[in-house]
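Colleague: The lines below spell out each chain.
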Amino acid sequence: MRRVSKAPRRFTRTEARSARAASGFLLPFLALFLLCFIAPIAYALYESLLKVERTGPLGLGGETKQVWAGLSNYAHALEDDRFTAGFGRVLLFGAVQIPLMIAFATALALLLDAASARWVGFFRTAFFLPYGVPGVIASILWGFLYVPGISPLVEMADSMGWDVDFLGRGAVLWSIANIVTWQFTGYNMLVLIAQLKAVPGELYEAARIDGANAWQVARHIKLPLIRPALVLTTVFSLIGTLQLFAEPKVLKPLSNSIDSGYTPNLAAYNEAFTSNNQHIAAAEAVLLALVACVLSFGFLRLVGRRGKDGDNG
Amino acid sequence: MRHRIITVSLLTVAAIYFLTPVYWLVVSSTKSSSDLFGTFGFWFHDPHPFDYLHRVLTYDDGIYVRWFANSLMYAGVGALAATLLSAAAGYALAKFRFPGREGIFNVILAGVLIPGTALALPLYLLFSEIGLANTYWAVLIPSIVSPFGVYLCRIYAAAAVPDSLLEAARIDGAGEGRIFSTLGLRLMTPALVTVFLFQFVHIWNNFFLPLVMLSDSDLYPIQLGLTSWQGYADRQPELYQYTVGGAFLSVLPLMVLMGVLQRYWRTGLTEGSVKA
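Quick mapping for you: the protein sequence lines, in order, are chains D and U. The working numbering puts the first sequence at residues 1 to 313. The working numbering puts the second sequence at residues 314 to 589.
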C-alpha cells in the first residue's frame, strides 16, 4: 500500500524537474512563436472588429478614431463580390492544379524509380532545379514567356498558325497554374522518391516472383506505400494555393484579366496598402487563415480515417 | 528494352519542360533590351554576357550587390537561428515528460498549417506599432520561427536520441545543457541539415513578408529589388535587360545548391512523413 501511494508523488517530482529542464529549451522558441504567430492572430482578430470613424462635418477634415465595428468588416469582406470571387478562383485553382501536380510528381517518381541508374541523377536534378527558383523570379521568367512580342513560345505558335493568348481572361489562371506546377513538381517528386526508398526491396522481389509486372507493382505496392508522403505534399500544396500572391502580382501589369482582388491575398494586400483600410484587410487575413486551417485539418481527418489500417508500412 | 526507351523518352519530355525557361533565361541574359524584343528568344543574338552582367552589378551604385547580400543575410542568419531554436524545442518535446507537452506540440503543429501570408499582414501592423517595421529585424525575426522545424526535430529526436544514453549522461553528472549540446545536437545532425536547408530556401523565396515590411530599398532582398526594376521597366527599357540579367545571377547559386543538396533533402524530409 505504501509503495502505491508513494509512486505517484515521485512521478510528479521527476515530472517537475523534467518540466524545468524542458522549459529552458522550449522558452526561446515559444517566446518568438508567441510574437510571430499567436500575437498577429490575436491582433488581426482585434483589428478586424474595429473600424475607423471620422468625426467632423461630412466626415471630412475632422479627427479619426477607432470604434467598435462588430462583425461588419467580415460582412463587408464577404459581400464584396471581388473578394469572394477571388476565393472561388483559388479553390478552383487548387482543385485542378494540386491533383495534376501530385499525379505528375508521382508519375515522375515512379518512372525514376524504374529507370536505369545511369540517367537518374541527371533527370532528378533537372526536375528539382525549378524549386530553387523563387516564385517571383519564376513569374518574371514565365511572364516573359507569355507576353507576345518577347515570348518565343507565342512566336513559334504564331508561325504555325495558332493564335495563343496566355494572358487572356480564360487562360491566365492556368498560366499561373503552370508556373506553380513548374516550380513544385520536382520538390514533391523528391519527397515521394524518399518515401519509395524506404520501401524494403524484398517486397518487390516477392511480387515479381508472384508474377506481377512493373505496372502492377507500381499500382498495388508502391502507390499504397507512398500514401503518407502523398498526404503531406497535398496538404502543403493546399496551404500554398490559398496563399497565391507573387504570381498574380507579377503578372498583373501584363494582363488585363487580373484585378486587384484576383486572389484573397492580393485583395487583403491591396485593401491594406492601396485602399488604406487595414481593418477590412485584417478581416480578410483572418478569413484566409480560417479557410486554410479548416481545409487542411479537414483533409488530414478525411485521409486519416480512411487510411488507419493501411498506413503502418 | 522497349520499357527502357519509353521510360527515358517520357523523362526527357519532362526534362525539356523543366529546363526550357532556364535555357531561355541563359540565352536572354546575353541580350540587350532591344534584342530581347526583336530577336528569337530561344537563340543567341550578338551575345555580350559579361558586358551586360557587369551593368547589372553596377547599376544604381551597385544596389543589386546590396540586395544580394541582404538576401544572403536574411536567409543565412535566419535559417541558422531557426535551426537552433527548432532543435532545442523539438528535443525538449521529444525527450522530456511534462504537463501540457502534447498541448504545446499541437499548437505548434497548427502553426504549420497557418498560411504565412495570412500572418504577414497583421504582423506588419503589430511591428509598426512597436517600431520594428522597415528594419532588418522585421524580416529576420519572423524568419527564425519554424514550426515545421520543431515538428521535424521532435520526430527525429524521438527516434534517434536514445533515452538510455541521456540517462547514462545524467548519472555521470552532466548538466542538461551540456547533454543537449554534446549528445543531442550531434545525434540530430541529419534533421538539422534538413531544417537549415528548408528554412534557407523558404526565407530566400519569401516575397510577401519583405514586400509588406520594407519600404526602404536598401533593405530589400533580391526578389523585391528585381520586381521594383521590373515595375520601372516601362519607363526605362534598359531595366528589362537588367531584370533578366539579375534574375539569371540570382538563380545561379541556388541552382548549384539544389543540385548538390538534393541528396540531403531526401534523407531528412521523409523522417516526418513516414512516422507521422
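It is possible that part of the hints are untrue.
Below 25 Å or equal to it, Euclidean Cα-Cα: the simulated SDA-like pairs (lysine to any residue) are [to be verified]:
| id | chain 1 | residue 1 | chain 2 | residue 2 |
| --- | --- | --- | --- | --- |
| 1 | D | K51 | U | L445 |
| 2 | D | K51 | U | I443 |
| 3 | D | K252 | U | Y330 |
| 4 | D | K197 | U | L510 |
| 5 | D | K197 | U | I443 |
Per the computed footprint, the stretches of chain D lying under chain U, defined by three or more beta-carbons under 8 Å from a beta-carbon of chain U, are [unchecked claim]:
| id | region |
| --- | --- |
| 6 | 73-86 |
| 7 | 129-143 |
The hints are simulated quantities; they were obtained by calculation from the structure and are not laboratory data. Where a beta carbon is used, it is the ideal one built from N, C-alpha and C, also for glycine.
Colleague: Under the constraints set out in the numbered hints, which ones does this structure not fulfil?
Modeller: Going through the list in order, the structure violates hints 5, 6 and respects the others.
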